[in-house]
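Number of protein chains: 2
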Amino acid sequence: MQHFPAPVEKLIDCFARLPGIGRKTAQRLAFHLLSLPAEEAEEFAAAITSAKSEVGFCKFCQNLTVGEVCPICSSPTRDSSVICVVSDPKDVAAIERTAEYSGLYHVLHGVISPMNHIGPDDIRIRELLARLSGGGVREVILATDPDTEGEATALYISRLLRGADGLRVTRLAYGIPIGGHLEFTDAATLGRAIEGRREI
Amino acid sequence: MQHFPAPVEKLIDCFARLPGIGRKTAQRLAFHLLSLPAEEAEEFAAAITSAKSEVGFCKFCQNLTVGEVCPICSSPTRDSSVICVVSDPKDVAAIERTAEYSGLYHVLHGVISPMNHIGPDDIRIRELLARLSGGGVREVILATDPDTEGEATALYISRLLRGADGLRVTRLAYGIPIGGHLEFTDAATLGRAIEGRREI
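So the protein lines, in turn, are chains D and H. Note that my numbering has the first sequence beginning at 15, numbered continuously upward. Note that my numbering has the second sequence beginning at 15, numbered continuously upward.
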């Protein structure tokens, strides 16, 4: 049953369709927007429209960008012989925050997940292979999440790349997080930390 | 530091400004919107614009409405001699859901709250007095929340209305909620339930 004017109900519906937003929260957000000055609400609407219309995918790394090529791919200071493969633009942001990496990226926009009917052709593996066939890449770092699907995706890609001439395929290191405690580290992580131990 | 294209950062900012939405959630919501088909994102933007531009306040009860007078105030079947005063349009929706009430409403859009610098002139008490001065009202039900500010607002209005000829001023009943347990009812509520006991 409808208890608010139709445009308000419509706005509540739009919010309620967002992930993790229930009906009550949607109502609260919609009423907050209604209480804003007209310009601020308009700014919000315009932000949605322009994010959707202006932002596309970089033709090389598939990351989100305005224009054809993203700032990272078009930067002359980045090492174009290393490509870090991630599942999501947010992962690019996370790695950039470390300021440890100067190579390029490749964003898959998902991971292989048979449970969700996402196969290798549904994520941007084809684009990665096309990039690699162009030559000039000496290392591919597979940086998908260390969960079942991320591991499977990394394994799948590493097999595709096996035997490519002079190409190193690597995976991020697993281990105890900095600041972590051995006592509270799960067995799987600790096992990997022992397996991947290094000389000091 | 900015790790996403400017329009995406802008959209994240807009979401992050909503109440109860942190930076991480804002990011998640923005990326969800980006992943939607263009029409759905456009629908969201349009919903904001039209809710803001089409929805105004009913010139009588101050509830949200499209047009000058809301459906409740313009309904011929409602009893216009009873006015239920609430603080928020959501309270109108809550009372309407009970289907117990056939009078009209008056929405204050807030409560008196000195802590937040909201005085009697900042909520729509003046509009209520103007409505009452028109005559024809025999009962005003003060239905603000039973918290400190709601109580103070009800008390303030009841004093303003004291002595108005033939006008009954009432407050919602307090007591144990239906389905509640005496054992778990707080002392304040239980005290009010005893005080307000009725013959059966």
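I should point out that these hints are in silico values taken from the structure, not numbers from a laboratory. Don't take every hint at face value.
Put simply, identical chains are the same to the list, so a pair is met inside one copy or across any two.
What the hints assert, rightly or not - When the alpha-carbon atoms are kept at most 27 Å apart in a straight line, the in silico BS3-like pairs for lysine-lysine are as follows:
| no. | residue 1 | residue 2 |
| --- | --- | --- |
| 1 | Lys-104 | Lys-24 |
| 2 | Lys-24 | Lys-38 |
| 3 | Lys-73 | Lys-24 |
| 4 | Lys-73 | Lys-104 |
Results of checking the hints against the structure:
1. Lys-104 / Lys-24: between (30 Å within a copy, 15 Å between copies)
2. Lys-24 / Lys-38: both (14 Å within a copy, 25 Å between copies)
3. Lys-73 / Lys-24: between (36 Å within a copy, 23 Å between copies)
4. Lys-73 / Lys-104: within (18 Å within a copy, 48 Å between copies)
Of the hints listed earlier, there is not a single one the structure fails to meet.
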